[in-house]
Amino acid sequence: MSGHTAIRIEHLGKRFGAGPLVLEDVNLSIETGEFVCLLGASGCGKSTLLNLIAGLDQPSSGSIETPAEGSAVMFQESALMPWLTARANVELALRLRGAPRSARRREALELLDVVNLADAADKRPHELSGGMRQRVALARALAQDRPVLLMDEPFAALDAITRDLLHEELERVWRRTGRTIVFVTHNVREAARLGQRVVLLSSRPGRVAGEWRIAETTGRRIESPEVAALSIEITEQLRKEIRRNAA
Amino acid sequence: MSGHTAIRIEHLGKRFGAGPLVLEDVNLSIETGEFVCLLGASGCGKSTLLNLIAGLDQPSSGSIETPAEGSAVMFQESALMPWLTARANVELALRLRGAPRSARRREALELLDVVNLADAADKRPHELSGGMRQRVALARALAQDRPVLLMDEPFAALDAITRDLLHEELERVWRRTGRTIVFVTHNVREAARLGQRVVLLSSRPGRVAGEWRIAETTGRRIESPEVAALSIEITEQLRKEIRRNAA
Amino acid sequence: SVQSAAGETTAATDATSGGTPAAELRLGYLANVTHAPALVGVQQGLFEEALGDTTLTTQVFNAGPAAIEALTAGAIDATFIGPNPSINTFIQSAGESARIVAGVATGGAALVVRDGIDSPDDLEGTTLATPQLGNTQDVALRSWLADEGYTTDTSGGGDVHITPTENAQTLTLFQQGQLDGAWLPEPWVSRLIVDAGAHVLVDEADLWDDGHFPTTVLLVNADFLAGHPQTVEALLEGHLATLGWLDENAAEAPTVINAALEAETGKPLADEVITRSLEHVAFSADPHAETFTTLVENGLEAGTQKDGSIDGLFDLRLLNAVLEAAGAEPVSAGDLGEE
Amino acid sequence: MPHEDDSGSAGRVATKERIETADTEASAPGLDTLADARHSTDDDHNDLRSLEAGLDRLQTAPERRPSAWRRFTTSVLPPIVFVVALVAAWQLYVVIAEPRPDIVPGPLGVVAAITQAWEAGRLQEAVVTSLERGVFGFLIAVAIGTPLGLLLAEVKPLRRAVGPIISGLQVLPSVAWVPAAIIWFGLTDATVYFVVLMGATPSIVNGLISGVDQVPPQLRRVGTVLGAGRWRLATHVVLPASLPGYVAGLKQGWAFSWRSLMAAEIITTGGAIGFGLGSMLDQSRTLADLAGVLATILVILTIGILIELVFFAPLERRMLRRRGLLVERGR
Amino acid sequence: MPHEDDSGSAGRVATKERIETADTEASAPGLDTLADARHSTDDDHNDLRSLEAGLDRLQTAPERRPSAWRRFTTSVLPPIVFVVALVAAWQLYVVIAEPRPDIVPGPLGVVAAITQAWEAGRLQEAVVTSLERGVFGFLIAVAIGTPLGLLLAEVKPLRRAVGPIISGLQVLPSVAWVPAAIIWFGLTDATVYFVVLMGATPSIVNGLISGVDQVPPQLRRVGTVLGAGRWRLATHVVLPASLPGYVAGLKQGWAFSWRSLMAAEIITTGGAIGFGLGSMLDQSRTLADLAGVLATILVILTIGILIELVFFAPLERRMLRRRGLLVERGR
Ligand SMILES: Nc1ncnc2c1ncn2[C@@H]1O[C@H](COP(=O)(O)OP(=O)(O)OP(=O)(O)O)[C@@H](O)[C@H]1O
Ligand SMILES: Nc1ncnc2c1ncn2[C@@H]1O[C@H](COP(=O)(O)OP(=O)(O)OP(=O)(O)O)[C@@H](O)[C@H]1O
Ligand SMILES: [Mg+2]
Ligand SMILES: [Mg+2]
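Protein chains in written order, with this note's numbering: chain Z, 1 to 247; chain X, 1 to 247; chain B, 1 to 339; chain S, 1 to 331; chain D, 1 to 331.
Hints should not be assumed to be uniformly reliable.
Claimed, not checked - Residues from chain X shown here face chain S by an in silico Cβ test under 7 Å; the list is partial:
| hint | residue |
| --- | --- |
| 1 | Val114 |
| 2 | Ala118 |
| 3 | His167 |
To be verified - The list that follows gives simulated cross-link-like pairs (lysine to aspartate or glutamate, DMTMM-like), each with its CA atoms no further than 20 Å apart:
| hint | chain 1 | residue 1 | chain 2 | residue 2 |
| --- | --- | --- | --- | --- |
| 4 | Z | Lys123 | Z | Asp145 |
| 5 | D | Lys251 | D | Glu119 |
| 6 | Z | Lys240 | Z | Glu24 |
| 7 | Z | Lys240 | X | Asp159 |
| 8 | D | Lys251 | D | Asp213 |
| 9 | B | Lys267 | S | Glu132 |
| 10 | B | Lys306 | D | Glu119 |
| 11 | S | Lys251 | S | Glu316 |
| 12 | X | Lys240 | X | Glu216 |
| 13 | X | Lys240 | D | Asp47 |
| 14 | X | Lys240 | X | Glu77 |
| 15 | Z | Lys240 | Z | Glu211 |
| 16 | B | Lys267 | B | Glu339 |
| 17 | X | Lys123 | X | Glu110 |
| 18 | Z | Lys240 | S | Asp47 |
| 19 | X | Lys123 | X | Asp57 |
| 20 | X | Lys240 | Z | Glu69 |
| 21 | S | Lys251 | S | Glu132 |
It should be emphasised that the hints constitute simulated quantities derived from the structure, not laboratory data. Beta carbons: idealized from backbone N, C-alpha and C, even for Gly.
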C-alpha cells in the first residue's frame, strides 16, 4: 500500500431538509489502494455517506476530499441499462469517459473477460442471472478507470453461493488493479471476509462506532476462523448498537 | 427425537410436461421432530421437491408418505395477504383450519407474541420490514398447527443481520414446538447453522448427492467453527456439482 | 325488444277485418310546412276527436330517417313522412315494415341557388345541399342532375358535389357562401329566398306530369295496421277532417300552422315565408301512387336505394272506405297494393 | 481458490493471531456478555427480543404523509392558479381585442350561459338526466361485466376464445354503435344505454381479467396450503387480491361510460329521448351559441373530474394505501 | 444467545469433533483439492472461471419461446373458431327464423354490403379518407404532445400547474369538442383535425410524463456517476428509459385519435367535409341500411385491430422483449 491518503472525511454531517441528522461528525481517512468495508444496520446512513463520497450529494457540514479523477460507483441493483447489451453497457461507460470510438469495442470485451463474461457480451441484462449482472456492473465500473471504487451493497441481492464466488472475483480484481475500494454492507461476515479495515457506523445519527483492521488478508475465505472470530466481535458491537434503538 | 418416520420419499421422479427430468430417484426419510436442510444450486429442484411434499404438485414416479394432518409451508416471499393486517393474516390461517371464531383473536395474538410481534399486530404487511413479514409468516405457519413445517428459502431475501436473528428465532420455535422441519436453502452456512441433517441435491436432474448429520446442535451460531468446518466440506461438494455443469 | 316476428305481418292484408282498437296511437311528424296537416290536426284536436278512446301521443322528428328509425324500433306506430324514406324502409325490410295509408301533401320542393347561376349549365363544380341523403329531395336532385348530364355520387364527388346537410345548417352555410344552392322542401325554399336572397332554378312541380308529386305521405307500421285497423281508420278520419279544415280555413291556416311551428321549434316563420310556402304546397289524401315507380327508379339511379319491389307498399282500403263513407272519390294504389 | 487449510485446528489458531483489533475496549466486553448469555435461555430470549425490537424499529420508518398544507400548496394550488391566470388572460383578450362574441365569447359570457341554463332549469335537468343514464348504464355494465370477467378469468378455454374479441371491442369506438343502436331501438333511452354498455363492459371485463391475472401465484398457493377449497380460495384470496385491477377497470369503465353517453346524446337528439348534457350541447350548437357550447363542455368536464375525485380517487387511494401500493407522486 | 465460546482454540477443536460426516468419501478429497488449489493463483483463477461458468449455466435458463404452432393453436385459433361459430349461428338464426332484414340482416347481407361499397369505390374512398385524417391528426398530436410532455416532465413547477389540467382533459369525452369545433371551423376537415388533436394529445403527453416518471432514479444516478452531463443524461439515459411509457402513450393516443375521428365524422356530415368511414356509417343509418351499418362497424373494428396488430403490437413487443419486460401471457 502506498500510504497516500485517497479519501479524507472530516467532521462530516448530513441531514435531509428539515429531517433528523443522518450523519454526525464522521471522520475517516482511507489510503490509496485500501479496501475498507463500511458496516451498519439498515438506515444508518451508509448509502448517504457513499453518495457524499461519490459527489452525488452535498454534505451539510464538514468536508470530504477525494481524488480529482472522481470515483466509480456500483449499486445494489446492478442498474444496467436494460435496453443495452452487456457489452454496450460497458461501452457506454467508455464513451462517457471519452474513450476513442475505435478502442471501445475491444476494451469492453477485455473488461468483460476480466469478469469471465466474454461469452455473454451480446446478451441483454434480463437474460443474465443476478450474479452475471453484477459482474457486468463491475466491468462497467472498471471501465470508468477511476482510482476509487465505491460499492453500495453490491452483493446483497445475490444468493450465498454466487456471493461467495463474487467475493473471490472482487478480491482478485482488487489485487490486480490496486483500486481503492469502499464497500458498504450490512453483512458482518462479508465485511470481515473482504475488508482490510472494517468501519462500523452507529444508527441515528450515523457515527463511526468502531473500527477493526486486518493485517494479513491473503487466502481468506468466508468460513475461515479468523473471519468468524472477527465477525463475532463485530456482531457483538453491532448488536449493542441495534439494542440501543430498542428502547 | 421420537425415531418415528414423519416423511418417507421413495424413488421419487418428477418432470414437467415434456421437459427434462427435474428430480430423479430421490430417496429420503425424515424422522418426526427432525430439522433437515435441503441444499442445492439454483434450479436443482428444491422447490419442486418441497411442493411435492406439501402436496401442491403430483410426482411423476415414486411415492411420498406424509403425516395425514398435512404440512404447513413458508415461502421465500412472505406471501402475506397484503390487504390484511398481521393479525388478520394469522387469523385467516386459524379460520381456514377451522378454529372457533371466539378463540381466533386471542390465539393469533399469542402466536404473534411467540415471534415478538404482538405490538405490530395491527400493521399491514407493507408497513413491516422484510424480517417482520417473515416472522408473521412463521406465526401463520404455526397457526396451522401441522406436525410438519416446510420452508422454502424463507430467509433468502433478508439482510444478514436479520437473517442471523431469525435463525435463532426459528431454532427456538423448533425446540419449543418439536415440529418436523424441512428447510430449503442454497446458503451452505445457513444449512450448517440450522440443520440436524443437511441433504445436498445435485443439479439436472436433482438427486441426493450427499448427506451430513450433526449430532450436537445446541449453542451453535453461524460463526461457530464447527459450522465453518462443515460448510467448507459441503461447499467443496456443492462446487463440484456446479462445476459438472460448466462443460 | 324491437319488433314482432315476421309471420304476423302478412296479416296486414286483412286490414279491414278483425283487430282491436289500440289503447294508444303514437304519431310522428316533422315540424315542416309540408307536414302541415299533422301540425294542424294535432293543434286543433282533430285527431283526438276522431280517435275517441285511443290516446294520441306525438313525437316530432328533425328528419325523415329518424322517424323511420322510430317506426322500425316500435317507438311510434304511424308517421307523416316523405315518400322516399317510406320506399326505403319497405324495400330494406322486404316489405314487412310499413304501409302507406294515405297521401298528405304534394309540391313544395325546389332547387334554389345563389346569384350567378341562371341555368343548369352553370352548375358544373358547384356544391349543392339536400336535407338528408336518400330523402325525397336528395333523390330528386340527383336524378335531375343525371338527366342534365352531370355525374354525382353519394360520397360528395362528381361534377356537382351534393352534401346532405341539415336544413338549418344549409341556411347558415348558404349565407356564408359555402353552398351554391340546395334542393329543399318548404318552408326552407322560401326561407332561402326570403332570408338569403336565393332564387328558384328548378321548381320540382315542373318536372312532373300535371305538376303533382308527393312530398308527404302517412305511413303506418304494418303490424299496427294489422292489429288495430279501427284505430288507423280513426286516424284517417282525423286526417281527412284536417284536410277539410285546411280547405275551409285557407285564410286562417298560415297563422295556425305558424303557431304550431313556433310551439315545436321555438321560432315562428316570417309571414312572408309562410305565405310563400303555402302557395307552393297542396294538401290531399291522394298519395299519387302512380309516381312511386318513378321515385324508385330515381332512387336507384341516385344510388341511395337498394333494388327491390314496392309491391304492397300501399294499403288504401281503409282510406277508400272512409272516403266512400264521406261520399268522396276513392284513390288509386297504382297496382302497388290494396285499394 | 484462496482459503485456509482447515484440516487442523493448529492452522486456525495461527490465522486468528493475524487479526488486530482496533477497538479492543468495545470488543472485549462484547465477548464477555456473549459468554454470560449462555447461562440462561430466558436471558437468551429476552436478549433476542430486545435485539429484534431494535432492528424492527430501525427497519420500519414511520410512513410520513405530506402535511395537508403542503399537499395543498404543491398539488392543489398550482393548477388553480394556472386556470385562474388562463381565464384572466382570456377575459383580457376579449376586452382588448373585442373579437366576435359568436366566435370567441368571453368567460363572462360563458358564466352567463351557465347561469341562464341554471335559472331556466335546463342545466339541472340535463345534468340529472345524463348522470342518471351514465350511472345506471355503468351499473348495468358492472352487473354484466363482473360475472363475465370472472368467468373468462377462471375458464381458460373460454378466455382464449372470447378474450381477444373483448379486447378487440375495446378498440372499437363506441360511437360507432350509435347508428346501429338507433336503428334497433330508435331515438329512445334504450339506444343510449346500449351504447354505454358496449363502451363500458369490455373495460370492466378486461380490468377484472387482468386483476385476476395479476394475483401472484404465490398467494393462491398460500391459500391452498392454508387449506382453502376452490370456493374459499376465490372469496378469501383471489377476489380481494384482484381488487386493484378490478377497480382500475371500473374506473376506466366509468370513463368510457361517460364518453359513450356523451357521444350517444349528441347524436341521438329528438324523438322520445330525454334531455341530457349531450342534447344541450347539440342544441347550443344548432343555435350557434358558442358560449352555451363552451359552458356545456365545462359542465361535462367538471362532472367527469368530480366523479373521479369524489368517487374513484378515494376508493382507489384507500385500497392502494391499505396495500402499500400507493406511490406518492413527486417530491 | 446460544453460541460457542470462541475465545480459545481448544473450544473449537472440541466442537469440531461433534460433526459426523455421512459422506466421507466425498468430503475428504474435497479438502485435499482445497489444499492443493492454494499453490497456484493461475489454478485459482481457472477454478473460479469454471465455477462461475457452471453457475451461470445453472442460473440462466434459455428463454423458451412457445413454438409458432403452439402459439397459433392457443392464441390465434380459438378466437377464430369462436368468431366462425358465432357467424354460423347468426346465419342459421337468419335462415331459420327469417327475421326482418332491416332489423337483423344476415352475415351474407353484411358481406354483400361490404362488396357493394367496395365495387362502388365508396369503401376505398372512406377508408383512405379516414386513415389519412387519423394518421395525419395523430402525427400532429405526436408533434405537439412530445415536446409538451418532455417540458412538463422535466420542469416541475410547470408540471404541477399544467399536469392536472391535461389529465382533466383526458377525462373530457373528445366528442364534446365536436359542436364547438363545428362553430369555429364549420363543416371542414379542420373540425375533424381539431377534435382528433384534443382527443389524442393528452394521452401522449401523459404517457411521456409517466414514462419519464418511471425511469428508475438509480439509472439517472448511474448516468451521472458515469460522467454524463444534463444533455447526455437525457439522450443516453432518460429518453431510452422512458420509451415504454411513451410507446404506451402513443398507443393510447392512437386509440383516442381513432375514436375521436369516428365521432367527429359521424356528427359532422355535410358541408365541405370529405367522405370518411364515419360519414359512411351515418349514411347507412339514414338509409335504414343496417347491413351497411354493421359492415361499416366491421371495417372500423378491423382497421383499429389491424393498426394495433401491424404497427403498435410489434413495436411494443420488440421493445418490451429487448428489455425483458414481456410477460408471455398464460401457459
Ligand atoms: N433523499 C432523502 N431524503 C430524506 N431522507 C433520506 C433520503 N435518503 C435517505 N434518507 C434517510 O436517511 C437515513 C439513512 O439512509 P441510507 O439510505 O443512507 O441508509 P443505509 O444505511 O444505506 O440503509 P440500508 O442498509 O437500508 O441501505 C434513513 O433514515 C433515510 O430515511
Ligand atoms: N411449473 C413448472 N413448469 C416447468 N418447469 C418447471 C416448473 N417449475 C419448475 N420448473 C423447472 O424445474 C427445475 C427446478 O425448479 P425449482 O424451482 O424446483 O428449483 P429450485 O431448486 O427451487 O431453484 P431456486 O434455488 O432458484 O429456487 C427448473 O429447471 C425449472 O425450470
Ligand atoms: Mg443503502
Ligand atoms: Mg426454489
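Taking the hints in turn, this is what the structure says about them:
Restraint check, Val114 (chain X) versus chain S: the minimum CB separation of about 11 Å is more than 7 Å; hint violated. Restraint check, Ala118 (chain X) versus chain S: the minimum CB separation of about 10 Å is more than 7 Å; hint violated. With a cut of 7 Å, the hint placing His167 (chain X) at the interface with chain S is violated, because the nearest CB-to-CB distance is about 11 Å. Pair hint Lys123 (chain Z) plus Asp145 (chain Z) does not hold up; C-alpha atoms about 23 Å apart against a cutoff of 20 Å.
For the hint linking Lys251 (chain D) to Glu119 (chain D), the alpha-carbon distance of about 33 Å lies beyond 20 Å, and the restraint is violated. A hinted pair counts as satisfied when its Cα atoms are at most 20 Å apart, and Lys240 (chain Z) with Glu24 (chain Z) qualifies at roughly 19 Å. Distance hint between Lys240 (chain Z) and Asp159 (chain X) is fulfilled; the C-alpha atoms sit about 18 Å from each other, no more than 20 Å. The suggested pairing of Lys251 (chain D) with Asp213 (chain D) holds, with an alpha-carbon distance near 18 Å, which does not exceed 20 Å.
The suggested pairing of Lys267 (chain B) with Glu132 (chain S) is violated, with an alpha-carbon distance near 30 Å, which exceeds 20 Å. Distance hint between Lys306 (chain B) and Glu119 (chain D) is fulfilled; the C-alpha atoms sit about 14 Å from each other, no more than 20 Å. This hinted pair checks out: Lys251 (chain S) and Glu316 (chain S) have alpha carbons roughly 9 Å apart, not beyond 20 Å. The suggested pairing of Lys240 (chain X) with Glu216 (chain X) is violated, with an alpha-carbon distance near 27 Å, which exceeds 20 Å.
Straight-line distance between C-alpha atoms of Lys240 (chain X) and Asp47 (chain D) comes to about 10 Å, which keeps the hinted pair within the 20 Å bound. Taken as a hint, the Lys240 (chain X) and Glu77 (chain X) pair is broken in the structure, with Cα atoms around 29 Å apart against an allowance of 20 Å. Note on Lys240 (chain Z) and Glu211 (chain Z): the hinted pairing holds, with a Cα-Cα distance of about 15 Å set against a maximum of 20 Å. Straight-line distance between C-alpha atoms of Lys267 (chain B) and Glu339 (chain B) comes to about 40 Å, which puts the hinted pair past the 20 Å bound.
Simply put, Lys123 (chain X) and Glu110 (chain X) have alpha-carbon atoms about 16 Å apart, close enough for the 20 Å limit, and the pair holds. For the given pair, Lys240 (chain Z) sits about 11 Å from Asp47 (chain S) by alpha-carbon distance, which is consistent with the 20 Å threshold. Taken as a hint, the Lys123 (chain X) and Asp57 (chain X) pair is broken in the structure, with Cα atoms around 33 Å apart against an allowance of 20 Å. Restraint check for Lys240 (chain X) and Glu69 (chain Z): not satisfied, since their Cα atoms lie roughly 43 Å apart, outside the 20 Å limit.
The straight-line distance between the Cα atoms of Lys251 (chain S) and Glu132 (chain S) is roughly 17 Å, inside the 20 Å bound, and the hint therefore holds.
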